[in-house]
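If you're matching them up, the sequences are chains A and B in order. For the first sequence, the positions run 46 to 289 when the working numbering is used. For the second sequence, the positions run 69 to 315 when the working numbering is used.
It should be emphasised that the hints constitute simulated quantities derived from the structure, not laboratory data. Take the hints with a grain of salt, since some may be wrong.
Residues on chain B that point at chain A, a partial pick, calculated with CB under 10 Å [stated by the list, open to error]:
#1 E94
#2 A95
#3 R97
#4 N214
#5 F215
#6 V220
#7 T230
#8 A233
#9 T246
#10 L251
#11 L253
#12 V255
List of simulated lysine-lysine pairs, DSSO-like, C-alpha gap at most 27 Å [what the hints assert, rightly or not]:
#13 B:K70 to A:K189
#14 B:K294 to A:K238
#15 A:K235 to B:K261
#16 B:K70 to A:K238
#17 A:K235 to B:K229
Values in this document were obtained by computation on a predicted structure and should not be read as measured data. Note that CB positions come from ideal geometry on N, CA and C, so glycine has one too.
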Amino acid sequence: MKLNRLYDEFAYLYPLISGPEAYADEAQLWKNVLCEKLGPGRHTMIEMGVGGGFNLSHFIQDFDATGSDLSEKMVNVSQKFNPGIPHVVGDMRTMRIGKQFKAVLIHDAICYMLTEDDLRQTFVTAHEHLEPGGFLLTAPDYFKETFTDGMVRHNTMSDGTTTLTHLEYEYDLDPNDTVNEMLIHYLIRKDGKLRVERDLHVLGLFSVETWHRLLTETGFDVEQRQHSLYNDGRVGWLLIAQKK
Amino acid sequence: MKSNRLYDEFAHLYYLIDPPADHAGEAARWKAVLREKLGKGRHNILDLGSGGGSHLSHFVDEFDAVAVDLSPEMIKLSSTLNPSVEHLQGDMRTLRLGRKFDAVLIHDAIGYMLNEDDLLSTFKTAFEHLNYGGLIITTPDYVKENFQDARVAHHTALDVKTTLAYFEYVYDLDRADTTFEMLMLYVIREDGKMRTERDMHTLGLFPLERWTKLMRTAGFEVEAVKEERGINHPDGHAGEWMFVGVK
Numbered sequence: 046m047k048l049n050r051l052y053d054e055f056a057y058l059y060p061l062i063s064g065p066e067a068y069a070d071e072a073q074l075w076k077n078v079l080c081e082k083l084g085p086g087r088h089t090m091i092e093m094g095v096g097g098g099f100n101l102s103h104f105i106q107d108f109d110a111t112g113s114d115l116s117e118k119m120v121n122v123s124q125k126f127n128p129g130i131p132h133v134v135g136d137m138r139t140m141r142i143g144k145q146f147k148a149v150l151i152h153d154a155i156c157y158m159l160t161e162d163d164l165r166q167t168f169v170t171a172h173e174h175l176e177p178g179g180f181l182l183t184a185p186d187y188f189k190e191t192f193t194d195g196m197v198r199h200n201t202m203s204d205g206t207t208t209l210t211h212l213e214y215e216y217d218l219d220p221n222d223t224v225n226e227m228l229i230h231y232l233i234r235k236d237g238k239l240r241v242e243r244d245l246h247v248l249g250l251f252s253v254e255t256w257h258r259l260l261t262e263t264g265f266d267v268e269q270r271q272h273s274l275y276n277d278g279r280v281g282w283l284l285i286a287q288k289k
Numbered sequence: 069m070k071s072n073r074l075y076d077e078f079a080h081l082y083y084l085i086d087p088p089a090d091h092a093g094e095a096a097r098w099k100a101v102l103r104e105k106l107g108k109g110r111h112n113i114l115d116l117g118s119g120g121g122s123h124l125s126h127f128v129d130e131f132d133a134v135a136v137d138l139s140p141e142m143i144k145l146s147s148t149l150n151p152s153v154e155h156l157q158g159d160m161r162t163l164r165l166g167r168k169f170d171a172v173l174i175h176d177a178i179g180y181m182l183n184e185d186d187l188l189s190t191f192k193t194a195f196e197h198l199n200y201g202g203l204i205i206t207t208p209d210y211v212k213e214n215f216q217d218a219r220v221a222h223h224t225a226l227d228v229k230t231t232l233a234y235f236e237y238v239y240d241l242d243r244a245d246t247t248f249e250m251l252m253l254y255v256i257r258e259d260g261k262m263r264t265e266r267d268m269h270t271l272g273l274f275p276l277e278r279w280t281k282l283m284r285t286a287g288f289e290v291e292a293v294k295e296e297r298g299i300n301h302p303d304g305h306a307g308e309w310m311f312v313g314v315k
């Protein structure tokens, strides 16, 4: 899989794209669910597609956490942000690390699964890495039914040397396929100059029925919860899948 | 990066970016000033840097207008939108029509004046084309005092053929000069395909005191009027200062 530029050449800019606070409310919701499902105690968990590790950072106090990502550069970013937490470079569709956890978390990185086959493989990976009765928690940005064409987001952050403005635009060129597009522009200001870069992300877009069917087929019992924690007005979804 | 493409090769996207309806509120403020200074009647006005004519379209029912712009493509658009208006091609710094008007309007096109000489030349053009007692109204996007570095504005619109997402980013690379930069990004979806285009605009940035001083130098009595609006206004501080000069 070819990496998007954000996770490769622009990985160094990731801390200027967002920060841990953007994930705090949602992480709390996920922790509440894990506590409800697994009971008290310090459980093991792995976050796959950990990216910059902002989401993971909310779990490391209460869980024995591991992170994995396809991008070595993002693993480095996350490791710096979550020191002492073990990380693995791996593709969530095919990785096998020979360990089982109480929970597998896959935040919006799941959106990079573009076909039903990708999704199924990832669910099989999660299943393989879960203890019996363990939980997969995942959160697609959209279902086919909830996709909003033309969503725009932007944010500007500075570290004193570089000021980054990123502009995101989400759309769906072909409503008949299983993907939508997210175009990102990076406006990078440094040393009195502006540089503009473009990065096109292709994201999976599947119906609610597809998610439930594939999870069931790969050996999970599925529960779906809705929340309204996103500041862009989008309705959020959390899929809670228990290994049978 | 290429500059000012909006007024030429992307003229066909103009009304998706700057629809006439968006100017209704501001045009009403300008008309109130015109009525206050000129009184009732069908006065004649000269609109300099009329662009696509979106702003002008709110004046044509009540005033006899002549519109001038540098860009032939913009003149074509504005002529279609405002068929009753006489349109001429010209540069607001050097234009001399040999005719007088009751008012000269220069909307945000004044922003393309990049130095004090340009600005003063334009005010002199306005003065030359006004009757005694006539007035100029102009509104830059920003003055030095309210400039918002790294401000993003965006807008999406569609017509039968095109879905456009438009992004605008204003910034000032060199605070010591009299300009700032505006980067425009067009994300154009047509026939199931997407393309992106960039367009760089360089715009003048002067302190309030310089605006009023140059208008006085050209011969005007000047009022600077600030529209009070909250920081959450969709346009931020853009366009909050209106300069009115009376000959």
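Results of checking the hints against the structure:
no. : hint             : in the structure
1   : E94              : violated, 24 Å
2   : A95              : violated, 27 Å
3   : R97              : violated, 29 Å
4   : N214             : violated, 18 Å
5   : F215             : violated, 15 Å
6   : V220             : holds, 5 Å
7   : T230             : violated, 13 Å
8   : A233             : holds, 5 Å
9   : T246             : violated, 17 Å
10  : L251             : holds, 7 Å
11  : L253             : holds, 6 Å
12  : V255             : holds, 6 Å
13  : B:K70 to A:K189  : violated, 38 Å
14  : B:K294 to A:K238 : violated, 32 Å
15  : A:K235 to B:K261 : violated, 33 Å
16  : B:K70 to A:K238  : holds, 16 Å
17  : A:K235 to B:K229 : violated, 38 Å
Violated hints, listed in ascending order, are 1, 2, 3, 4, 5, 7, 9, 13, 14, 15, 17; each of the other numbered hints is respected by the structure.
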